[in-house]
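Enquirer: Here is how the chains run, residue by residue.
2 protein chains.
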Amino acid sequence: MRHLTALLLVFSLCVQAAGQAAEPVRPLRGYKADAAATERQWEEKFRALPDPANMREYMQRLSARPHHVGSAYDEDNAEWLAAKFKLWGLDAKIEVFDVLFPTPKERLVEMLEPVRFKAKLEEPALAVDPTSGQKEKQLPVYHAYSKDGEVTAPLIFVNYGVPADYEELLRMGISVQGKIVIAKYGGSWRGIKPKLAAEHGALGCIIYSDPKEDGFVQGDVYPNGAARPSFGAQRGSVMDMPVYPGDPLTPGVGATADAKRLPLDQAQTITKVPVLPMSYADAEPLLKALGGEVAPAAWRGALPFTYHVGPGPAKVHMKVVSNWDRKPLYNVIVRIPGAVYPDEWVLRGNHHDAWVNGAEDPVSGAVALMEEGRALAELLKQGWKPKRTIILCFWDGEEPGLLGSTEWVETHAAELTAKAVAYINSDGNSRGYIGLGGSHSLENFMSEVTRDIEDPETKMTVMKRRQLLDIRTMPDKRAEARSRADLRIGALGSGSDYTAFIDHLGVASINLGFGGEDLGGGQYHSIYDDFYYYTHFLDTTFVYGRTLAQTAGTAVMRLADAEVLPFQFSNFIETVKGYETEIKQAAAKQRSEIEEQNREIDEGVFVGTLDPKKPVPAPSKEPVPPFLNFAPLDNALDLLGRSVEKYEKSVAAAGDKASPAVNARLIQSERKLTEDAGLPNRPWFRHTIYAPGFYTGYGVKTIPGVREAIEQKRWAEADAQILRVSRVLEGEADLLEKAAADLTK
Amino acid sequence: MRHLTALLLVFSLCVQAAGQAAEPVRPLRGYKADAAATERQWEEKFRALPDPANMREYMQRLSARPHHVGSAYDEDNAEWLAAKFKLWGLDAKIEVFDVLFPTPKERLVEMLEPVRFKAKLEEPALAVDPTSGQKEKQLPVYHAYSKDGEVTAPLIFVNYGVPADYEELLRMGISVQGKIVIAKYGGSWRGIKPKLAAEHGALGCIIYSDPKEDGFVQGDVYPNGAARPSFGAQRGSVMDMPVYPGDPLTPGVGATADAKRLPLDQAQTITKVPVLPMSYADAEPLLKALGGEVAPAAWRGALPFTYHVGPGPAKVHMKVVSNWDRKPLYNVIVRIPGAVYPDEWVLRGNHHDAWVNGAEDPVSGAVALMEEGRALAELLKQGWKPKRTIILCFWDGEEPGLLGSTEWVETHAAELTAKAVAYINSDGNSRGYIGLGGSHSLENFMSEVTRDIEDPETKMTVMKRRQLLDIRTMPDKRAEARSRADLRIGALGSGSDYTAFIDHLGVASINLGFGGEDLGGGQYHSIYDDFYYYTHFLDTTFVYGRTLAQTAGTAVMRLADAEVLPFQFSNFIETVKGYETEIKQAAAKQRSEIEEQNREIDEGVFVGTLDPKKPVPAPSKEPVPPFLNFAPLDNALDLLGRSVEKYEKSVAAAGDKASPAVNARLIQSERKLTEDAGLPNRPWFRHTIYAPGFYTGYGVKTIPGVREAIEQKRWAEADAQILRVSRVLEGEADLLEKAAADLTK
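Each protein sequence line maps, in turn, to chains A and B. Numbering-wise (the working numbering), the first sequence opens with residue 1048 and increments by one. Numbering-wise (the working numbering), the second sequence opens with residue 1048 and increments by one.
Which copy? The list can't say, so a pair holds if one copy fits it or any two copies do.
With a Cα cut of at most 25 Å, we get these calculated PhoX-like pairs of lysine-lysine: (1) K1661 <-> K1511; (2) K1335 <-> K1259; (3) K1524 <-> K1668; (4) K1524 <-> K1636; (5) K1366 <-> K1167; (6) K1668 <-> K1511; (7) K1092 <-> K1511; (8) K1079 <-> K1432; (9) K1335 <-> K1362; (10) K1661 <-> K1506.
Rather than coming from a laboratory, the hints here were simulated on the basis of the structure. What you are looking at is a predicted structure, and each value in this text was computed from that prediction instead of being measured.
Given only the sequences and the hints, what does the whole structure look like? Please build it.
Expert: See below:
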């Protein structure tokens, strides 16, 4: 039925194109009218091909056993993937890297006082879940890249263990110095927690899943529902990826067999204290044994007792020892050569490695990418000739630290810098609404794409459905969702394989996926993220797998076939201006908060509200931040705004005229937003507009050099960074001026 | 030490008054300069007298046994109080009323399906708490004025059971018709919950204390801490007091022995369905047995499982049978006759009855009132002669339904209407900051009072400490707290004995108490609200008991001695204008929300965001509310504003001149704000500016006739009520015009 409808659509389009029907084919940016009609026909054919039944079958195969880096089934999956693509007639290769990947030898958390308790640190097999019992193949509950160590110390609860929590502890007059901290998952990427714990003098770090954010409060627990059960734990990497991702021993260069490597003790991205994750069943006795102050209201989780901060009387002994071997990783790289511009590359990727069985993460995204590849192979057989080279990437080693993508990008940096048009990433998929993030020069383009994809549940367009969701659930985005023809996209932080592309090289990137209707999340990085869970609680019919394949595949084809690359900078400049406004407001807010607190100290507010039964130290007065000079940035944005306008006018005036010269410039437009020196203290991150936060990890910091300098109260650095970003934007303006000139030649 | 300081203060004041020291005595509104100096001397003497040690002793006596209405110890306490005052040389009488007070004969909640469970409905004795074991004297866990009944039905969880929750259920497509609802305490006064349950067709109602709002989430539980333990339950009245409080059989008239009474089945204020309270230990198995939809995120409590709405599969059988006897109640009324204006009465009250032992509620307030009385008696012996009559009231039967105060006010309505200057209420006390609510014509006056009281912990004034708290914790009140010389006070809803005074008769009222530093609350309406709890977790040294006595006593003396009553209407008019603005904004918000929802329906938002796995009914379009005519209210406020200005000018011009005529008018100024017809559907409530909400119970609705008509979408009524309130305010303007003329005669 669905298949028939799709065919009918293609048929009616052909009739329109042939017979010049009354309703013209909607134009496509970067395409002449006839080219747009042809492109739309190929895209319609493409979108009819991905098949949910195939994706279900692929998922069952790929997630049948644990397949982390270094496991037999990881290699086996890579070979199977390569073989599949070869079978479909495509050029598929496996590229191997040699990376540091610690696996646990000893893991211990035990409470010595006031009562003895030993944490299980283990997820039990469930009778109903057929793959949950593959214990000998599973990576146990641990944090990859935790430092080895053994410590015994009083325990202290630090909420999420993010900077605001340490400020709150300071206000309460409590120090974590010499203690073992226990933090809830949430509030930041997990790797931030041991990093901050170490910065504040703690000796060790435990991270647990509180049922408030990730357990029975969210919904019925697995296997009755999709929420995390009491004994479920979240593995994960704690590598200090905001400094650099990828192999810790080869920063900035590919981890090839013969690469020059740092000695282990010089690797910057390994934690400074030992750290382990645990379930809420394991955490409960530890937290319950804490005394001291009752935790601030916002810190309290959902375990059934009063949360206290400590420190002590709970005293904990923890030990982490890893096997620090190097392991091979297997990226599967599928290449469809471009017929006209073979040296312009459109890249699309999803990782294939998992923490355990990984049905949702990453297999639900990988199977969509497989069907995209199969469908493109089918189009090639039917005579489709993409102008540009298309590269489909199945990354290995994403989970431990974006290893596969980072090492590949570092290895091929020169070629990618010259040739990469854009990178489109996914990392899993579920049921519901599209989620989109990426480079804002592709924002209008992605709107054009999502306007052409049908939502399988409502039969409206994916774009329309997302706008209706924004109208219903985001009152402050309502006016925009109603008035704008485009769909706004978020900026990218980190957490998936686009990182090296966008942040290190400056390749325009998009990350996408569907979700929002099912709860999910309770399986994340657990042995229960498997075929049974996915087919009971997530995109059970794989229709959103098909929609992901249709969306990403349409984007890839449209980029690959365009005469003029459909980058558009009007939304980019609007967005960056918005970031500048945000930063100005943040600076003003920070200034007024410090002024307010100083004033309150003078007024005696802290003396007047001090409870003699619970005395806490009064805060000290702080210097008021200086005003910063935003004028260079204002001027650069003004200049860039004029260049954007000029470029847009040239595009309109150029009409049907294609221009290879302008494409060469456009390919460099995102590269121009990077700076060789990189961000302060983390030179690997070279993009001046987007970066993951140094203290958020996944969460993006836009115009990061300026924003983080302000947040961390380094005023001179903030002024210097404003100048550097301004110069970068002037360079972008220059590029667009030249691109406009190319078009009008 | 403290006593010495107080004496020193008095001494230095005397020196100032006698020797005309450089710093003049601060003026007092309503007092000539010399009268102010004398008054201040008496007040200083007064404030040195209340003694924490006495209050501790009184509390131990009054709370030694359960003393609810109808109990032996309730009568015994009344007699002891009267005897004490007589001993101190004052005229004390007991006034007896004869009221309907149901006590339980049968209480049953049991689950029949899917598992059998019988709720204990009982709070256990604790070894550490010496009065908790007085079981034979304790009123069991129940809701007074629940209808008798026996029902068996599926259970359904309705969050707080307030109007917004029933709207949410409607959105989810779930009905409570024919079900037994279980609601959390909180979100409204408890009596609202069975009222709404019955309005929506439920057959019974259970109210439990969820540990999120009232249990281990708040802090360590009793007896280790002050939070409610799992087996602690909140008794309380569920009489429909927003219709009328007091004896259900004698609305509007005093429940004297020979009063004409309604037959029981015609009493409007008894619930329409049976209702019982329970602890979270009792509620846990019931809630855990619910199926159906997972409860909306905001509904979820802190019990350790996923909250579901139901209905069923839990099936509950509940039974409530009461003994519907009439019981005598004993108000203790102490009278200090006025030397100059004996027919102008300043009233001060606190109830003496409790649900069980009631150390905090009401004894901590009652013992402060006792010390006020003892101190006034002492001043009389020293030669102080209050101009006006002072009446100190220890009410009985407050807990079941404000019985003692309501019946007394109704009995003495004519005399009070003629003579009552103001009523000052308290209902318990704790440690920390002053909390003040009341008539805004007394707002400046109470600022003057709190500016003269020392906070025992910080030694700053009570007013200053409260302002510093507002600065620290209420950013939106910060500017006001900094810039204003006065302390703003809240409007009164209901929940204590001021209700009949202000709402029924229009006697200007103030309610006050201290708190905010200790957790408290876990003992509320439980057997654990006793001397052990109070002296371990609340105002353990009774220094805030003394501060309450100092504050309320100073207010009483200052009102009793003033030459011109210190009513001031500038803050009143400012406040009422603020209420009008709020109501206009609420009407505009309601209109725009309905318009928004209608628009979303047209846009297909609900179709586009419907999850086919969890289909819920789409809302229907609603008529857009009409614009209301606020012009009459604007005009009346404008007129009143001019009269207030004129009155203030006259006060300034009158200088030293006292005026008995103006006092007679001022006494009527709050009465003028009432209307004989009362509020729509509840004529007992006659104040046009303040009333407890029909669907909030405790929470105030200001300009209630207009506000509730808008909230309940009765537009014609809203317009009519605007006219009525406008006429009332015109009457107030007229009174002030005449008062101004009196002063300038």
